[in-house]
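There are 2 protein chains.
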Amino acid sequence: MVELYNCNTKTINNVSKMEELLLESVRISGATTLNSNFHKFSPHGVSGVVVISESHFSIHTWPEYGYCALDIFTCGDEIKSDLALEYLKRELEVGNISMIEVKRGILDFPVKLLHKPEVSKNEKF
Amino acid sequence: MVELYNCNTKTINNVSKMEELLLESVRISGATTLNSNFHKFSPHGVSGVVVISESHFSIHTWPEYGYCALDIFTCGDEIKSDLALEYLKRELEVGNISMIEVKRGILDFPVKLLHKPEVSKNEKF
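Chain order of the listed sequences is A and B.
Residue numbers for the first sequence follow the numbering used here, so the first one is 2 and each next one is one higher.
Residue numbers for the second sequence follow the numbering used here, so the first one is 2 and each next one is one higher.
Treat each hint with caution, since some may be false.
The calculated lysine-lysine pairs, modelled on DSSO-like cross-linking and capped at a C-alpha distance of 30 Å, are [what the hints assert, rightly or not]:
1) Lys-81/B to Lys-18/B
2) Lys-104/B to Lys-90/B
3) Lys-11/A to Lys-104/A
4) Lys-90/B to Lys-18/A
5) Lys-41/A to Lys-18/A
6) Lys-18/B to Lys-104/A
7) Lys-90/B to Lys-41/B
8) Lys-11/B to Lys-18/A
9) Lys-11/B to Lys-41/A
10) Lys-90/B to Lys-90/A
11) Lys-81/A to Lys-81/B
12) Lys-90/B to Lys-11/B
Label-pair restraints from in silico Cβ distances [what the hints assert, rightly or not]:
13) Arg-28/B to Asp-83/A: 31 to 39 Å
14) Ile-107/A to Glu-87/B: 18 to 26 Å
15) Glu-94/A to Asn-97/B: 26 to 34 Å
16) Ser-99/A to Asp-78/B: 19 to 27 Å
17) Pro-44/B to Pro-44/A: 45 to 53 Å
18) Asp-78/A to Ile-107/B: 28 to 36 Å
19) Thr-34/A to Gly-77/B: 27 to 35 Å
20) Val-103/A to Asn-9/B: 24 to 32 Å
21) Ser-17/B to Thr-34/A: 19 to 27 Å
Residues from chain B that keep clear of chain A, each with C-beta distances beyond 10 Å, as calculated [said to hold, decoys possible]:
22) Leu-24
23) Glu-79
24) Lys-81
25) Asp-83
To be clear, the hints were calculated from the coordinates, so they are not data collected in a lab.
None of these values were measured; they are calculated from a predicted model.
Yeah, the Cβ is synthetic: ideal placement off N, Cα and C, and Gly gets one too.
Only chain A is shown next, with the shape it has when bound in the complex (with noise of 0.2 Å):
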């Protein structure tokens, strides 16, 4: 969970280009899109998620406060988010961030939760 503060006001406001910049940097992560849906506010205002196979990425801006809500929720060791991130903070001219790390899935038995697991010869589904 990322918070990006001081943000180009004008970039955040602009749906069309928010879009591509998130998708641009889901492809920097190395993460897979798989679909992704983008609105405008009025008068201002930016949503957007990104589903991609390992999970999703989701923006929400208030361009009124040069503010934006980032999530990068990812699964598995493979995607390079900080990537993901610098390349978000140079396009939206961040003046300041602040994020959290959360382990989402803590299971009771060691596993890395994939959404494509090799199914086993045990596979109950």
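Guided by the hints, dock chain B onto chain A, whose structure is given.
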């Protein structure tokens, strides 16, 4: 951010059912759906996001572990996310649950982040 453990594995592997349930949970919360995207993974698992006027609901499921990661991201004071969660807990037959509430967009001045603010006469956009 909600962790749903020991869910009904058949339900959380059913992409059309999961979309129906998440859309209904949005309706129950009082939020406004803008669009939704759901994806079924092979051999199992579902990812889905509903973009709402007030941000988004997302869910990622790992039926092989009976686990779902649910995010309810809202803005404003109007959305009854507790009712949405109660509904999903019941429908998914959730065994155990844990959650974290995170305040996003901590700005330097008191403001409510709404996507449809009233346009003031000093409107800058």
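*asked:* Which constraints among the numbered hints does this structure fail? Numbers only, ascending.
replied: Those not satisfied are hints 3, 4, 8, 9, 10, 11 and 15.
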